[in-house]
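> Please model the complete structure; the sequences and the hints are all you need to start from.
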Amino acid sequence: MRITQGCFSFLPDLTDDEIGAQVEYCLGRGWAIGLEYTDEPHPRNTYWEMWGNPMFDLRDAKGVMMELDDCRKAHGDKYIRINAFDSTRGFETVTMSFIVNRPAVEPEIIMRRTEVNGRSIRYTHEVAR
Amino acid sequence: MDDATPTSIDLRAEYAESGVREVLDELDRELIGLAPVKQRIRETAALLLVDRARARLGLSRETPTLHMSFTGNPGTGKTTVAQKMAGLLHRLGYVRKGHLVSVTRDDLVGQYIGHTAPKTKEVLKKAMGGVLFIDEAYYLYKPDNERDYGQEAIEILLQVMENNRDDLVVIMAGYADRMDRFFSANPGFRSRIAHHIDFPDYTDGELGRIAGSMLDAQGYRLDDEAGAAMAEYIALRREQPHFANARSIRNALDRARLRQANRLFSRDRPVTAAELCTMTQADIRASRVFSGGLDPDGSRRKDDPHEL
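Residue numbers (the working numbering), protein chains in the order written: chain P, 1 to 129; chain U, 1001 to 1308.
Because the hints were derived from the structure by calculation, they are not lab data. One or more hints might be untrue.
Listed next, the in silico SDA-like pairs over lysine to any residue satisfying Cα-Cα at most 20 angstroms (straight line) [as the list claims (entries may be wrong)]:
#, chain 1, residue 1, chain 2, residue 2
1, U, K1121, P, M66
2, P, K73, U, K1121
3, U, K1121, P, T88
4, U, K1119, P, I19
5, U, K1119, P, D69
6, U, K1097, P, I19
7, U, K1038, P, D57
Covered by chain P, according to a simulated footprint, are these stretches of chain U (three or more residues, beta-carbon under 8 angstroms) [what the hints assert, rightly or not]:
#, stretch
8, 1090-1102
9, 1127-1135
So the derived label-pair ranges between C-beta atoms look like this [claimed, not checked]:
#, chain 1, residue 1, chain 2, residue 2, range
10, U, R1021, P, G30, 26 to 36 angstroms
11, P, D57, U, A1261, 33 to 43 angstroms
12, P, G52, U, N1164, 12 to 22 angstroms
13, U, D1106, P, F56, 16 to 26 angstroms
14, P, D57, U, A1046, 29 to 39 angstroms
Quick reminder that beta carbons are idealized off the backbone N, C-alpha and C, glycines included.
Put into structure tokens, the structure is as follows:
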């Protein structure tokens, strides 16, 4: 099942050129780029593993693309996303995030129903492998 | 027919519109002396312009190797020229962003195993799309210590210089003789660096003009006697150890400003604007260089009571 979170996730996967152009846009606005990866795309799994430190002071997208290549080499069968961090006072938060790598076979996210308190139902989601 | 290959290209027009002329003019205007360097840069610019024209006409071409080495004594303007070079390469479209990242051994080489590679990569990432300027590059290689981490940085650098030729230009700088030894010990660098530019020492007259332009920028001027004293100072200073061309002059002027401020402060009458901007020969001649001593150019202890 195709996971949709972050920007562009309803579009076909971005090519490397397109990723580079997006990164260029982020750097142009002075945002710092961080790479993160995970094998668990549950929507509640907010904090993914960091790939190195966030990259401040970059001027060109090539630096990010080099890291992305390295990350793909190590974690090619996992989800990788690019986060852009805006350090402007008052924001100081991730302002843009998009997935740049997916596993060949994406896991299902299934819904479980549990009956509690008589006939009431609780819903929860799980990643099925 | 817009995207068809043109049949001829006007190099003059290309030269004017690429903005290369402004960079070269700026170089001529702002840098005193350095004639051979300017000549080499002009040649390089011509080569790159022709190369670009060839590409436009669809003639076969490879990305030219643009890595350079700047050799010369301290204070001969290597960093300044590297800055201009970055601008030049940017206007010609050989680097995408045209910024200069200036580093030394400390920024590239780590202190323990596994520290060097990430550190070097970090610097390289920042330099992508611009120019990486490695000052005193020969310190990267320490032949007496075979476990020195510098070797690791060298290997990463070589790899990037080869594989990312489109993404960044590396300029290595340092003293001529030590750079020569560095290159002969690391043939990989020699073959990857196409342009060797040698920075000559400034003549006394050029240093005098440099002093003048430095003072101009700070809003000071030398009176006639002080000008003569400065010329004498330059000739004397050159004979002494640790002479660093323009940098020595800048330090001397900084100290002269201090003395001038002291002189004005210790009088008890009001000062005029002209006095505030004028250095007299007393400010220059108080330097120890005139009494056979050595002016401290960073070679002396910081807490030396005779600093002035």
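> Determine for every hint whether it applies to the structure shown.
Each hint, compared with the structure:
1. K1121/U - M66/P: 10 angstroms, holds
2. K73/P - K1121/U: 16 angstroms, holds
3. K1121/U - T88/P: 26 angstroms, violated
4. K1119/U - I19/P: Violated, because 25 angstroms separates the two Cα atoms, which is more than 20 angstroms.
5. K1119/U - D69/P: Roughly 18 angstroms between the alpha carbons, so the hint for K1119/U and D69/P holds.
6. K1097/U - I19/P: Given that 20 angstroms is the threshold and the Cα spacing comes to 18 angstroms, the pair holds.
7. K1038/U - D57/P: 31 angstroms, violated
8. 1090-1102: Coverage by chain P holds for the stretch 1090-1102 of chain U (3 residues, Cβ < 8 angstroms).
9. 1127-1135: Result for this restraint: holds, n = 3.
10. R1021/U - G30/P: 26 to 36 angstroms: 32 angstroms, holds
11. D57/P - A1261/U: 33 to 43 angstroms: 37 angstroms, holds
12. G52/P - N1164/U: 12 to 22 angstroms: 18 angstroms, holds
13. D1106/U - F56/P: 16 to 26 angstroms: Holds, since D1106/U and F56/P (Cβ atoms, about 19 angstroms apart) stay within the stated range.
14. D57/P - A1046/U: 29 to 39 angstroms: Taking Cβ atoms as reference, D57/P and A1046/U lie about 34 angstroms apart, which means the hint holds.
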